[in-house]
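Listed below, chain by chain, are the residues.
There are 2 protein chains.
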Amino acid sequence: MKSFTKDTKILIIGLGVMGGSYARALSGRGYRVRCITKEQKDIDYAKNLGIIEEGSTCVTEETVAWADLVVFALYPHVFIEWIQEHQSLFRPNTLITDVTGVKSQIVDRVQALLRQDVEFIAAHPMAGRESSGVEYSDDSVFEGANFIVTPTPKNTPDAIEAAKELGRVLGFARISQLTPEEHDEMIAFLSQLTHCIAVTLMTCNETPMMENYTGDSFRDLTRIAKINDVMWAELFLLNREALLAQMDAFSAEFDRFRRLLEEGDGEGMRQVMRKATARRTLFDKQKKKK
Amino acid sequence: MKSFTKDTKILIIGLGVMGGSYARALSGRGYRVRCITKEQKDIDYAKNLGIIEEGSTCVTEETVAWADLVVFALYPHVFIEWIQEHQSLFRPNTLITDVTGVKSQIVDRVQALLRQDVEFIAAHPMAGRESSGVEYSDDSVFEGANFIVTPTPKNTPDAIEAAKELGRVLGFARISQLTPEEHDEMIAFLSQLTHCIAVTLMTCNETPMMENYTGDSFRDLTRIAKINDVMWAELFLLNREALLAQMDAFSAEFDRFRRLLEEGDGEGMRQVMRKATARRTLFDKQKKKK
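Quick note, the sequences are listed as chains A and P, same order.
Residue numbering for the first sequence follows our numbering, starting at 1 and increasing by one per position.
Residue numbering for the second sequence follows our numbering, starting at 1 and increasing by one per position.
If you are wondering where the hints come from, they were derived from the structure by calculation, not from laboratory data.
Fair warning: there could be bad hints in the mix.
As the list claims (entries may be wrong) - Below 16 Å or equal to it, Euclidean Cα-Cα: the simulated EDC-like pairs (lysine to aspartate or glutamate) are: (1) P:275 x A:165; (2) P:9 x P:39; (3) P:275 x A:229; (4) A:275 x P:135; (5) A:41 x A:54; (6) P:47 x P:68; (7) P:275 x P:253; (8) P:41 x P:181; (9) A:275 x P:54; (10) P:47 x P:143; (11) A:2 x A:206; (12) A:2 x A:54.
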């Protein structure tokens, strides 16, 4: 396909929480959406809701070759295995994209594996839910959120533009473009580090009955500690060096704050807090421009 | 006063975000509420809303002796200074309480300073807003939240029960009782540590334009990094030993997770994440029992 239009037929591979949210957004805006996914019950659920027109638990040429645009919403290693096994089924000039949370280790491998007449343009929808499964899918999480396209020199301008248009159609507030390496450094800080912190907060103090005394701040910092352990362990390992660097930067700054406290340096602590307050204002959620 | 009843007249000292939220909740339930606060504009604002019947910027015997119950919603050192300067104005048998976020260093000092015919029963409403000022007050934050009473052996059963009844009237979902020391250890973990983490997240990486790529998880973990630096530096210093211990426990666990990542131990990481997921479920917000 050359561009993303009203007639683009979309196949979603993997109807979990993210694939389901794509299906909701796209079918809700009048696009034709089909899916391939493991469980028949998820297909039945989505067909009942009217968010897909057809679905299959088998990878067949009929389904794969139907699509102009294929969205992979799978665990990273499953995505790569799928390409290795089934890429012969794509129609020539199919465009494929993904939702994978790390890029450097995925994009180059998929592009190297892929047939020359099929193009892979990577994207990361930065919105999610802490629960897994199509029944938790919800495209309202895309409102006000960021959609990042991560092309390589192998990508065509048409494919890059099609991926950005997909982000706009899904309802994202801001569409950006980064290299896979820039993306992974950024995601190590903004997403992976925060998940490591949330998990650590839940495991560093096992005092019983603590939950009886909690306030909203602790709940906010640990919401994402309910975590899909299989997916996140894979994402962390695929971005190990960048994440280790961000963990070390965090620890060094945390130790500096600890020393200010230990030394009774109130003014030093207040300075850091004023800097944090000013910088945090930049991160308030943007309203979508109409 | 012996007990907290419909006729209890309540004086709030310090009409900021927490004092204002008390005024909203109590006046909304038909209680008579007055205040003493620094700024006339805050009194005008609250009178216009009908959440106080009178207010004064001066500490006068007329206002102080009117009250059956006095709620101090001041910075800790200002609270102690106020008691030193003005306690002669209380009517005998006045009950006083507070909203201070640390207890060990406050409760003993105030009880030691205080006249024998006035009783101080400490309490901590575990709900708040990240913005300061009466215009941000909002008693809906009490719904589903925890209210902790921290008596000492000097307190009477009547005063403890009156403080608990205050928490119930304010709309808190769960009323608990802890010693000041238990409270401070718990708060070091559940509240102070989380604020240190949020502040550190905002200051450990100064890459520009990061805000263009952020997702909800980073926003959640740093919401409380917009922080009242004067108040929190004071609270941290008043609870220094307990907070340092919690920071050290967090750092040790964070380092353990970092080592699992560095060693490529996916199963080790997944185990920690499964433990975090299970434990986090305990901390979901309770619905208030009707």
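Hint check:
no. : hint          : in the structure
1   : P:275 x A:165 : violated (40 Å)
2   : P:9 x P:39    : violated (22 Å)
3   : P:275 x A:229 : holds (10 Å)
4   : A:275 x P:135 : violated (24 Å)
5   : A:41 x A:54   : holds (13 Å)
6   : P:47 x P:68   : violated (20 Å)
7   : P:275 x P:253 : holds (13 Å)
8   : P:41 x P:181  : violated (38 Å)
9   : A:275 x P:54  : violated (38 Å)
10  : P:47 x P:143  : violated (24 Å)
11  : A:2 x A:206   : violated (55 Å)
12  : A:2 x A:54    : violated (24 Å)
Violated hints, listed in ascending order, are 1, 2, 4, 6, 8, 9, 10, 11 and 12; each of the other numbered hints is respected by the structure.
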